[in-house]
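J.: Protein chains in written order, with our numbering: chain A, 1 to 322; chain B, 1 to 290.
No lab work stands behind these hints, which were simulated from the structure alone.
Hints should not be assumed to be uniformly reliable.
To be verified - For lysine-lysine, the following DSS-like pairs were computed, each having C-alpha atoms within a straight-line distance of at most 30 Å:
| # | chain 1 | residue 1 | chain 2 | residue 2 |
| --- | --- | --- | --- | --- |
| 1 | A | Lys281 | B | Lys248 |
| 2 | B | Lys119 | B | Lys200 |
| 3 | B | Lys200 | B | Lys120 |
| 4 | B | Lys207 | B | Lys119 |
| 5 | B | Lys120 | A | Lys241 |
| 6 | B | Lys207 | B | Lys120 |
Read off the chains here:
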Amino acid sequence: MTRTTEAGEKTHRAAPARRRTTAASRTGPSHRSPGQLLRRATPWLFLVAPLALLITFTYVPVANMIYYSFTDWDGISPDRNFTGSDNYVQIFTRPELFRVFFVSLYYLAASGLQIAVALYFATVLSFNLWFRNLFKGLLFFPYLINGVAIGFVFLYFFQDGGTLDSVLSWMGAETDHAWLGDPASANTSLAGVSVWRFTGLNFVLFLGAIQSIPGELYEAAQLDGATRWQQFRHIIAPSIKPILSLSIILAVSGSLAVFEIPYIMTGGATGTSTFVIQTVKLAFQFNKTGLASAAAVVLLLIILLITWVQRRLVPDDKVDLV
Amino acid sequence: MTTAQLTTSPSRRSVRLRGRLGQALVYLSLVIASLVVLLPLAVVLLTSLKTSEEAAESNALSLPGSWLNFDNYATAFSDGHMLTAFGNTAFILLFSITGTVLIGSMTAYAIDRFHFRAKKLVMGLFLIATLVPGVTTQVATFQVINGFGLFDTRWAPILLYMGTDIVSIYIFLQFIRGIPVSLDEAARLDGANAFTVYRKIILPLLKPAIATVVIIKGITVYNDFYIPFLYMPSQELGTISTALFRFKGPFGAHWENISAGAVLVIVPTLIAFLFLQRYIYNGFAQGATK
Numbered sequence: 001m002t003r004t005t006e007a008g009e010k011t012h013r014a015a016p017a018r019r020r021t022t023a024a025s026r027t028g029p030s031h032r033s034p035g036q037l038l039r040r041a042t043p044w045l046f047l048v049a050p051l052a053l054l055i056t057f058t059y060v061p062v063a064n065m066i067y068y069s070f071t072d073w074d075g076i077s078p079d080r081n082f083t084g085s086d087n088y089v090q091i092f093t094r095p096e097l098f099r100v101f102f103v104s105l106y107y108l109a110a111s112g113l114q115i116a117v118a119l120y121f122a123t124v125l126s127f128n129l130w131f132r133n134l135f136k137g138l139l140f141f142p143y144l145i146n147g148v149a150i151g152f153v154f155l156y157f158f159q160d161g162g163t164l165d166s167v168l169s170w171m172g173a174e175t176d177h178a179w180l181g182d183p184a185s186a187n188t189s190l191a192g193v194s195v196w197r198f199t200g201l202n203f204v205l206f207l208g209a210i211q212s213i214p215g216e217l218y219e220a221a222q223l224d225g226a227t228r229w230q231q232f233r234h235i236i237a238p239s240i241k242p243i244l245s246l247s248i249i250l251a252v253s254g255s256l257a258v259f260e261i262p263y264i265m266t267g268g269a270t271g272t273s274t275f276v277i278q279t280v281k282l283a284f285q286f287n288k289t290g291l292a293s294a295a296a297v298v299l300l301l302i303i304l305l306i307t308w309v310q311r312r313l314v315p316d317d318k319v320d321l322v
Numbered sequence: 001m002t003t004a005q006l007t008t009s010p011s012r013r014s015v016r017l018r019g020r021l022g023q024a025l026v027y028l029s030l031v032i033a034s035l036v037v038l039l040p041l042a043v044v045l046l047t048s049l050k051t052s053e054e055a056a057e058s059n060a061l062s063l064p065g066s067w068l069n070f071d072n073y074a075t076a077f078s079d080g081h082m083l084t085a086f087g088n089t090a091f092i093l094l095f096s097i098t099g100t101v102l103i104g105s106m107t108a109y110a111i112d113r114f115h116f117r118a119k120k121l122v123m124g125l126f127l128i129a130t131l132v133p134g135v136t137t138q139v140a141t142f143q144v145i146n147g148f149g150l151f152d153t154r155w156a157p158i159l160l161y162m163g164t165d166i167v168s169i170y171i172f173l174q175f176i177r178g179i180p181v182s183l184d185e186a187a188r189l190d191g192a193n194a195f196t197v198y199r200k201i202i203l204p205l206l207k208p209a210i211a212t213v214v215i216i217k218g219i220t221v222y223n224d225f226y227i228p229f230l231y232m233p234s235q236e237l238g239t240i241s242t243a244l245f246r247f248k249g250p251f252g253a254h255w256e257n258i259s260a261g262a263v264l265v266i267v268p269t270l271i272a273f274l275f276l277q278r279y280i281y282n283g284f285a286q287g288a289t290k
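Given the sequences, and given the hints that come with them, work out the whole structure.
T.: Here you go:
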């Protein structure tokens, strides 16, 4: 890659500007000199590798996935039969396949809590407080921890007679509850872990947005006698709106695509299987590549739809990149 | 606001008292949040220092008999194949981060500094790709990797991390816009070609962006579970995530060993965080908003 670029550029340099103009005037505008051709090729020399990777690992898989979703392929055998919309019909009609969508609701509710908590702490810590940096670090750190480690930490936390039970008994509430034992409390517990893990990210994003607000605004507001709540309502909230809307969209699509924590902690048992866990199991354990692809296409379409709706509702001019 | 102004003078003391009380509640909420963050981690640290009898019999919150009992760490490190895991993770980190930096900066350079007909199309391809969440396409991506014969090699995750990182392209694009084009032009007049400009001017000036990308990418790769789990099932190809995940089997209910393994994985992150705090915050604030 590097060598071809350099070699190409050397010839480019060998044709300096003066000679190129004479060549152009001699042969007319319709004929392109080699120097000009090289100049046109230059951006592509930089883009070859990125585009090749992008197409190979994003566009080819998406296209293949859509194709597999209409077949009964098992992922291994050379023959696959075209089955039309059969896989899609299965996803929406077999209740055990569709049920996983309801698990997302636990995570969706958890993300609501997560955003609220993050917003509160970001607001509070944008003012001057003792140990501000310590609290900032403590709140953000869980986001940086390895997911498998978090899974084990909380498996121990929720164990029968584990940390949570001990803490509750200290506070006088004797519980003998298998937290991961029934679907409702298992999903609540797992969603709680996701709040613990991801609040820090939202917190740092909100904090960054709040700190980019010019300080004079607060000073002016304070001189006018505005309370903290009024400052939040009229200065902070409007200026973090873009990042808030981004967080909400990430929360919705994230709730549909939960995988790591439930897979590590329960393996999807006791009704904690999520959409991605089910897809991975269908594809890699039961070799139902066709059905798994259809499930993945459904998830992809839902996420694209949500993104589209969000872009419609909150037009964000920052996204304009070209 | 007008009511507040009117009532300031008569009840200034009560306002100040209310402010104090509010402040105390704020600190209380911060302390509670810190406890919520620290308690699960502290318990795992305590458990990792207990002997197996202590871990089996004692209460989760009880203290270990000896604070210097590092046997579990030795067991986790050797029986859990953690050395291989750290080696594999380092290998993957090195190649995927270097690749991400080069690819991201080259793409950003080509898009920001050149005018060519398909520019909008290329930009659109990268933009649309951000909307496709990686987890949804793995069923088909798996077939692509398999087709290249890369399944169960360390190159599978390296290529996937390099090829799908659009966030870094955006970060580089934002930074490159801040570099004056007149610098490129001056170098061009001195006879530098596009590649020299990229290497001698753009790359050095992109240092802050490179730091951001290295941090964000480094944390993502170090912590990723999904890709190594799917693409590198062999025991000797474990990364720290998958090696730790395998603790579930052989160590079963030996929480003292599992805890030691978890602490071993968390400690490098903690050290990196303490040393790079400010850059990490900035990195995430920049990375996620783009």
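J.: Going through the numbered hints above, which ones does this structure break? Give me the numbers in ascending order.
T.: Going through the list in order, the structure violates no hint and respects every one.
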